[in-house]
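A.B. asks: Residues per chain are reported as follows:
Protein chains: 2
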Amino acid sequence: MSALEDLKKRLRLISRYNTAAALLEWDFETMMPEKAAEERAEVIGEISGHAFEMSVSDETWNLVLNAEKELLESEVDKAIVRVAKKELEKSKKIPPELYKELSIETSKAQAAWEKAKTNNDFSIFQPHLEKIVELTKQIADKLGYEENRYDALLDMYEPGLKTSELKKIIEPLRDFLVNYLAKLEKGEKPDNEILKQFFPVEKQKELSIRALNLMNYDFKAGRMDVAMHPFTTTIGLNDVRITTRYNEHDLNDSLYSTIHEGGHALYEQGIPAEFSGLPIGDGASMGIHESQSRFWENIVGRSPEFWEYFYNDLVDVFPELKKYTPEDIFRATNYVERSLIRTEADEVTYNLHIMLRFEIEEALINDKIKVADLPKIWNEKMEKYLGVVPEKDSEGVLQDVHWAHGSFGYFPSYMLGNLYSAQLLYTMKKDIPDYNEAIRKGDFKPLLKWLRDKIHSKGKMYEPGELIKMATGEELNPEYFMKYIEEKFNKVYKI
Amino acid sequence: MSALEDLKKRLRLISRYNTAAALLEWDFETMMPEKAAEERAEVIGEISGHAFEMSVSDETWNLVLNAEKELLESEVDKAIVRVAKKELEKSKKIPPELYKELSIETSKAQAAWEKAKTNNDFSIFQPHLEKIVELTKQIADKLGYEENRYDALLDMYEPGLKTSELKKIIEPLRDFLVNYLAKLEKGEKPDNEILKQFFPVEKQKELSIRALNLMNYDFKAGRMDVAMHPFTTTIGLNDVRITTRYNEHDLNDSLYSTIHEGGHALYEQGIPAEFSGLPIGDGASMGIHESQSRFWENIVGRSPEFWEYFYNDLVDVFPELKKYTPEDIFRATNYVERSLIRTEADEVTYNLHIMLRFEIEEALINDKIKVADLPKIWNEKMEKYLGVVPEKDSEGVLQDVHWAHGSFGYFPSYMLGNLYSAQLLYTMKKDIPDYNEAIRKGDFKPLLKWLRDKIHSKGKMYEPGELIKMATGEELNPEYFMKYIEEKFNKVYKI
Numbered sequence: 324m325s326a327l328e329d330l331k332k333r334l335r336l337i338s339r340y341n342t343a344a345a346l347l348e349w350d351f352e353t354m355m356p357e358k359a360a361e362e363r364a365e366v367i368g369e370i371s372g373h374a375f376e377m378s379v380s381d382e383t384w385n386l387v388l389n390a391e392k393e394l395l396e397s398e399v400d401k402a403i404v405r406v407a408k409k410e411l412e413k414s415k416k417i418p419p420e421l422y423k424e425l426s427i428e429t430s431k432a433q434a435a436w437e438k439a440k441t442n443n444d445f446s447i448f449q450p451h452l453e454k455i456v457e458l459t460k461q462i463a464d465k466l467g468y469e470e471n472r473y474d475a476l477l478d479m480y481e482p483g484l485k486t487s488e489l490k491k492i493i494e495p496l497r498d499f500l501v502n503y504l505a506k507l508e509k510g511e512k513p514d515n516e517i518l519k520q521f522f523p524v525e526k527q528k529e530l531s532i533r534a535l536n537l538m539n540y541d542f543k544a545g546r547m548d549v550a551m552h553p554f555t556t557t558i559g560l561n562d563v564r565i566t567t568r569y570n571e572h573d574l575n576d577s578l579y580s581t582i583h584e585g586g587h588a589l590y591e592q593g594i595p596a597e598f599s600g601l602p603i604g605d606g607a608s609m610g611i612h613e614s615q616s617r618f619w620e621n622i623v624g625r626s627p628e629f630w631e632y633f634y635n636d637l638v639d640v641f642p643e644l645k646k647y648t649p650e651d652i653f654r655a656t657n658y659v660e661r662s663l664i665r666t667e668a669d670e671v672t673y674n675l676h677i678m679l680r681f682e683i684e685e686a687l688i689n690d691k692i693k694v695a696d697l698p699k700i701w702n703e704k705m706e707k708y709l710g711v712v713p714e715k716d717s718e719g720v721l722q723d724v725h726w727a728h729g730s731f732g733y734f735p736s737y738m739l740g741n742l743y744s745a746q747l748l749y750t751m752k753k754d755i756p757d758y759n760e761a762i763r764k765g766d767f768k769p770l771l772k773w774l775r776d777k778i779h780s781k782g783k784m785y786e787p788g789e790l791i792k793m794a795t796g797e798e799l800n801p802e803y804f805m806k807y808i809e810e811k812f813n814k815v816y817k818i
Numbered sequence: 324m325s326a327l328e329d330l331k332k333r334l335r336l337i338s339r340y341n342t343a344a345a346l347l348e349w350d351f352e353t354m355m356p357e358k359a360a361e362e363r364a365e366v367i368g369e370i371s372g373h374a375f376e377m378s379v380s381d382e383t384w385n386l387v388l389n390a391e392k393e394l395l396e397s398e399v400d401k402a403i404v405r406v407a408k409k410e411l412e413k414s415k416k417i418p419p420e421l422y423k424e425l426s427i428e429t430s431k432a433q434a435a436w437e438k439a440k441t442n443n444d445f446s447i448f449q450p451h452l453e454k455i456v457e458l459t460k461q462i463a464d465k466l467g468y469e470e471n472r473y474d475a476l477l478d479m480y481e482p483g484l485k486t487s488e489l490k491k492i493i494e495p496l497r498d499f500l501v502n503y504l505a506k507l508e509k510g511e512k513p514d515n516e517i518l519k520q521f522f523p524v525e526k527q528k529e530l531s532i533r534a535l536n537l538m539n540y541d542f543k544a545g546r547m548d549v550a551m552h553p554f555t556t557t558i559g560l561n562d563v564r565i566t567t568r569y570n571e572h573d574l575n576d577s578l579y580s581t582i583h584e585g586g587h588a589l590y591e592q593g594i595p596a597e598f599s600g601l602p603i604g605d606g607a608s609m610g611i612h613e614s615q616s617r618f619w620e621n622i623v624g625r626s627p628e629f630w631e632y633f634y635n636d637l638v639d640v641f642p643e644l645k646k647y648t649p650e651d652i653f654r655a656t657n658y659v660e661r662s663l664i665r666t667e668a669d670e671v672t673y674n675l676h677i678m679l680r681f682e683i684e685e686a687l688i689n690d691k692i693k694v695a696d697l698p699k700i701w702n703e704k705m706e707k708y709l710g711v712v713p714e715k716d717s718e719g720v721l722q723d724v725h726w727a728h729g730s731f732g733y734f735p736s737y738m739l740g741n742l743y744s745a746q747l748l749y750t751m752k753k754d755i756p757d758y759n760e761a762i763r764k765g766d767f768k769p770l771l772k773w774l775r776d777k778i779h780s781k782g783k784m785y786e787p788g789e790l791i792k793m794a795t796g797e798e799l800n801p802e803y804f805m806k807y808i809e810e811k812f813n814k815v816y817k818i
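Chains as they are written, first to last, in the working numbering: chain X, 324 to 818; chain R, 324 to 818.
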């Protein structure tokens with residue numbers, strides 16, 4: 324057997340433990356009886372820990388080095404060794420005790436965050452966040468960076484992207500969004516109460532399943548269940564499961580959660596079978612992953628053409644909506660609002676929420692601000708970017724759990740997803756001249772095929788920067804997103 | 324830390340992998356999308372194999388030997404070491420290659436069995452069964468025995484029980500059952516068509532949930548799902564899941580599958596938390612486990628008193644059954660028939676099916692008969708014991724998958740469960756004088772408490788023979804079962 328084959332065998336072996344851990348976690352969130360939580364956490368810890376130890380072991384490292392010496396011909400094989408090596412190098416840089424300490428601190432921090440949020444008292448969370456920031460800085464220093472300590476963190480979620488590039492993107496985008504938001508106020512507000520009537524769960528489920536079938540999600544290689552916070556998980560490339568949730572007084576919630584997760588799932592279901600269990604058998608980055616979910620959720624699912632087609636399904640399931648036109652529904656799903664909560668934000672304001680968090684994270688990691696000042700800084704930025712200020716920290720700096728998880732560097736993925744998806748859209752439209760007509764007919768196959776060719780089939784072979792250049796012919800360019808927002812919301816707000 | 328604590332830590336660690344494997348298997352049977360089967364089999368194989376290797380490792384063995392040297396005071400601690408040692412000794416006796424060979428053969432045999440059954444052609448299965456019998460004999464020889472090679476196999480499922488004891492039990496029981504079956508034919512047949520009308524799945528599910536709640540099954544430490552072959556699985560003592568199935572034209576099927584599995588689950592939910600992850604944190608044997616499921620299914624669930632109470636739930640869910648009396652329902656659920664298929668057999672004939680299989684197994688393992696002669700021997704015994712002869716081998720010797728799985732020694736558990744449960748019943752009735760009245764009131768707590776005290780709380784601390792003596796004051800005695808059958812079916816058949 325060749326050294327590469329030995330390496331692949333080892334990596335696939337490790338991935339079986341990660342698969343088991345993924346199922347244990349999926350079950351935790353969807354199926355598990357409540358009394359089992361404590362036992363389960365121990366089982367997940369053990370299995371994931373074992374997988375991690377196997378992956379950073381000398382045995383695996385030697386297999387990588389041996390495979391690297393081999394004359395590899397195919398791009399795929401080269402990528403397997405390259406990605407495996409990069410990931411291993413990173414993992415090996417962090418002393419296990421540091422990981423362990425962070426893991427203990429984040430457990431405590433999550434409990435403190437919940438308490439702080441419930442009691443609307445940032446001071447409960449503050450000391451925990453300080454510790455987490457301290458440990459995260461240590462991790463960043465161990466990982467190493469050239470320009471900016473935050474680069475080391477960003478690289479974990481968006482390999483290759485630099486903080487300086489992100490800043491360059493953000494500046495014009497922020498100005499545009501702040502101005503555009505003001506402009507929308509002169510337009511005609513959609514009636515978003517249409518989607519806030521009473522919609523029984525079972526019927527919403529039926530509508531969600533129709534949407535997934537339309538998207539060509541493969542139910543023979545996946546499932547849809549309920550979870551408090553919707554997510555997609557890959558138990559295997561033939562077992563990509565999505566979760567959604569139902570709010571009986573908001574049709575937007577479940578339908579767009581489902582379509583969003585469906586977009587993530589289509590990505591995973593489209594990764595080549597031969598990549599399974601290997602480090603390239605994954606999405607290119609969190610941002611690219613998010614581009615797929617946002618593409619289906621917003622660019623397709625909130626388009627006028629989509630509603631021209633899907634309106635029939637909608638009124639078939641909810642005949643009481645017949646009194647509205649497809650355009651009414653389209654506009655209602657695109658209601659824009661200066662609001663406090665990121666997860667409920669529309670396409671126009673969403674990125675402003677992310678910028679705020681990115682700026683805070685970057686400043687914290689580089690010692691430019693203090694954790695103690697976060698509530699004040701948060702509120703100032705909210706006012707500046709969104710024109711609203713939370714009355715309570717529970718609706719402000721305490722709204723997201725990410726920092727309690729120690730996820731620094733993750734938030735920008737959400738924004739990148741939006742930008743990538745718009746850039747993909749304009750290239751796709753060039754390649755598929757009857758793009759709008761296809762959606763109007765409910766024929767999403769050409770769209771999916773394009774995404775499969777350009778994105779899904781590449782797995783994690785390339786860094787997101789390379790991939791987006793290969794797919795669109797240019798580097799990440801926020802102009803496309805701004806153009807998309809303007810074109811669409813001028814229509815929604817009849818400007 | 325004491326040697327015992329070290330051992331416990333190790334055993335609990337190993338049990339986490341077994342927990343993961345149990346969840347992977349549960350998911351396989353209930354939730355998994357169909358395309359994932361092949362990948363999943365590999366993951367289960369890896370995780371279970373890892374758990375097995377850990378358990379038979381020198382490290383574990385040395386911990387057992389160290390703990391054994393320690394002065395242990397409590398019965399529980401002594402049992403932990405004793406059971407761990409016994410199980411490990413057994414596992415160490417079998418060379419891994421032999422296990423592996425059997426596992427490969429049983430995979431092939433299962434496929435062959437399916438084909439043989441579909442084509443009604445025993446010759447397709449015959450060479451595979453011959454190999455499995457051969458390997459099973461080798462395993463029995465490695466395990467060792469005093470009197471009878473079959474004892475070694477029996478011990479895997481019913482520790483301590485000897486073939487000679489089983490034969491002594493079977494002889495009078497078979498005569499009784501054959502005679503009693505003839506006697507029933509002179510009685511008045513119940514109308515079992517009552518339960519063979521159309522019953523929608525959702526309503527059957529509702530009735531099943533009511534039955535489980537009545538039994539005090541804890542849904543916060545369990546779930547109920549659908550599987551082709553109902554089973555109970557323990558993902559942890561706080562996560563004991565049952566599965567059932569629905570036949571829209573047979574109310575018996577799901578209701579009694581649910582109650583049966585509920586009985587298994589009550590046992591597991593009743594094992595003390597401190598036993599969790601340890602070798603005593605399990606049922607005493609397959610037979611004792613089956614005694615719990617059969618107790619609830621038949622002795623309680625098919626009693627006249629049960630139907631006096633549960634009739635109200637039944638007609639609440641299925642008002643169309645109001646035209647029948649509780650007695651009609653009771654009698655319908657106890658219809659007796661000379662039939663070909665074990666899994667569909669009633670309480671009177673069930674044990675005859677088991678005896679037939681036991682006799683064949685024992686003879687095969689001791690080279691008294693040949694695999695090639697099985698169809699003939701099967702049919703002869705069917706005629707002798709049950710008075711019916713299958714027209715096709717698919718309804719005869721090919722009906723069960725157990726031998727293709729290599730499960731020799733397992734079938735007697737089903738019979739033992741029936742016998743144990745009746746013996747428990749008569750002791751319980753002495754301890755709970757208003758036993759019948761409690762059931763009539765739907766108050767199953769005293770029954771469950773008794774089972775918890777006498778059986779569940781002991782886990783796997785004792786061998787089944789010891790346990791049954793502790794619980795009932797005497798050794799396994801088939802007289803109780805015969806008495807029970809006669810008392811009940813005289814009522815059903817109005818003799």
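Where hints are given, some of them may not hold.
The list treats identical chains as one, so a pair stands whether inside a single copy or across any two.
As the list claims (entries may be wrong) - Subject to a maximum C-alpha distance of 35 Å in a straight line, what follows is the list of computed DSBU-like cross-link-like pairs (lysine-lysine): (1) Lys-358 / Lys-332; (2) Lys-485 / Lys-772; (3) Lys-416 / Lys-707; (4) Lys-465 / Lys-519; (5) Lys-408 / Lys-806; (6) Lys-526 / Lys-645; (7) Lys-814 / Lys-416; (8) Lys-526 / Lys-358; (9) Lys-358 / Lys-792; (10) Lys-332 / Lys-415; (11) Lys-358 / Lys-528.
Keep in mind the hints are simulated off the structure, nothing from the lab.
A.B. asks: Each hint should be assessed against the structure and marked as holding or not.
C.D. replies: We went through each hint and held it up to the structure:
no.	hint	result
1	Lys-358 / Lys-332	between (38 Å within a copy, 22 Å between copies)
2	Lys-485 / Lys-772	within (31 Å within a copy, 65 Å between copies)
3	Lys-416 / Lys-707	neither (39 Å within a copy, 74 Å between copies)
4	Lys-465 / Lys-519	neither (49 Å within a copy, 70 Å between copies)
5	Lys-408 / Lys-806	neither (39 Å within a copy, 72 Å between copies)
6	Lys-526 / Lys-645	both (15 Å within a copy, 33 Å between copies)
7	Lys-814 / Lys-416	neither (51 Å within a copy, 77 Å between copies)
8	Lys-526 / Lys-358	both (30 Å within a copy, 27 Å between copies)
9	Lys-358 / Lys-792	between (49 Å within a copy, 34 Å between copies)
10	Lys-332 / Lys-415	both (21 Å within a copy, 28 Å between copies)
11	Lys-358 / Lys-528	both (27 Å within a copy, 23 Å between copies)
When held up to the earlier numbered hints, the structure conflicts with 3, 4, 5 and 7 and fits the remainder.
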